[in-house]
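Residues in the sequence shown are numbered from 301 upward in steps of one, following the working numbering.
Just so you know, these hints were derived from the structure itself, not from any lab.
Any given hint could turn out to be false.
[Stated by the list, open to error] Pairs of lysine-lysine residues, derived as DSSO-like cross-links and limited to a Cα-Cα distance of at most 27 Å, are as follows:
id, residue 1, residue 2
1, Lys480, Lys504
2, Lys489, Lys438
3, Lys489, Lys459
4, Lys340, Lys304
5, Lys489, Lys423
6, Lys315, Lys340
7, Lys459, Lys504
8, Lys438, Lys337
9, Lys326, Lys423
10, Lys337, Lys315
11, Lys459, Lys438
12, Lys302, Lys423
13, Lys480, Lys459
14, Lys315, Lys489
15, Lys423, Lys304
16, Lys489, Lys504
17, Lys504, Lys456
18, Lys315, Lys459
19, Lys323, Lys340
20, Lys423, Lys438
21, Lys302, Lys315
22, Lys456, Lys438
23, Lys480, Lys315
24, Lys456, Lys489
Because the structure is a prediction, the values reported are computed rather than measured.
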Amino acid sequence: MKNKLLIIGASGHGKVVADIAIKMNKWQSIAFLDDDKGIKSSMGLEVIGTSDDVFTHIDEYEIFVGIGNNATRQRIHEMLETVGASIPVLIHPNAVIGEQVEIGFGTVVMAGVVINCCTSIGKGCIINTGSSVDHDNKIEDFVHISPGAHLAGTVKVGKGSWLGIGSVVSNNVNITSGCKVGAGSVVVKDISESGVYLGIPAKKENN
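Take these sequences, add in the hints, and give me the full structure.
Encoded structure:
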């Protein structure tokens with residue numbers, strides 16, 4: 301384990317990631333990389349370069365992708381894996397994690413989250429503030445569970461899907477990869493086709 305942490309992305313989501321890293325009290329120093337050269341510091345932490353500079357720091361730092369966009373986060377995370385970067389898991393001290401829960405590298409679990417037993421969460425996920433993921437869920441890689449979203453038991457969420465703020469998923473429901481579920485929407489049956497789903501109950505938007 302390296303005692304320095306480098307976070308790629310110094311704006312909104314990256315700041316929350318940094319706040320969690322500070323509260324974990326695990327790293328002697330924390331810094332950012334950001335492609336906006338106008339940002340010199342964030343959260344009182346120095347921005348030491350752009351994302352292109354990551355390769356020069358790979359031996360010295362653990363590296364975490366603090367970017368909210370699922371596709372961008374996936375692209376950078378997979379590049380880091382390819383070059384052998386050390387990628388941690390960040391869990392806020394006020395999150396509640398049940399027994400036999402698996403959490404993949406590069407995933408952040410934010411304040412007030414509850415993840416109940418026997419759930420697996422993939423790599424590069426965001427389990428955002430105050431959300432809950434109940435027992436026996438399978439959350440695949442690069443999923444974003446937004447603040448205040450609630451997933452009942454035995455839910456499966458496919459790779460790269462995004463569940464909006466305050467959304468609800470009933471038990472025993474499967475959501476396929478590449479879906480967006482709108483804020484406040486309620487998913488009561490399986491979603492087998494990628495797309496945008498809105499409403500109560502959630503229905504596919506036809507563009």
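Practice task
Find the hints from earlier in the document that the structure breaks and name them by number, from lowest to highest.
Solution key: Violated hints: 8 and 14; rest satisfied.
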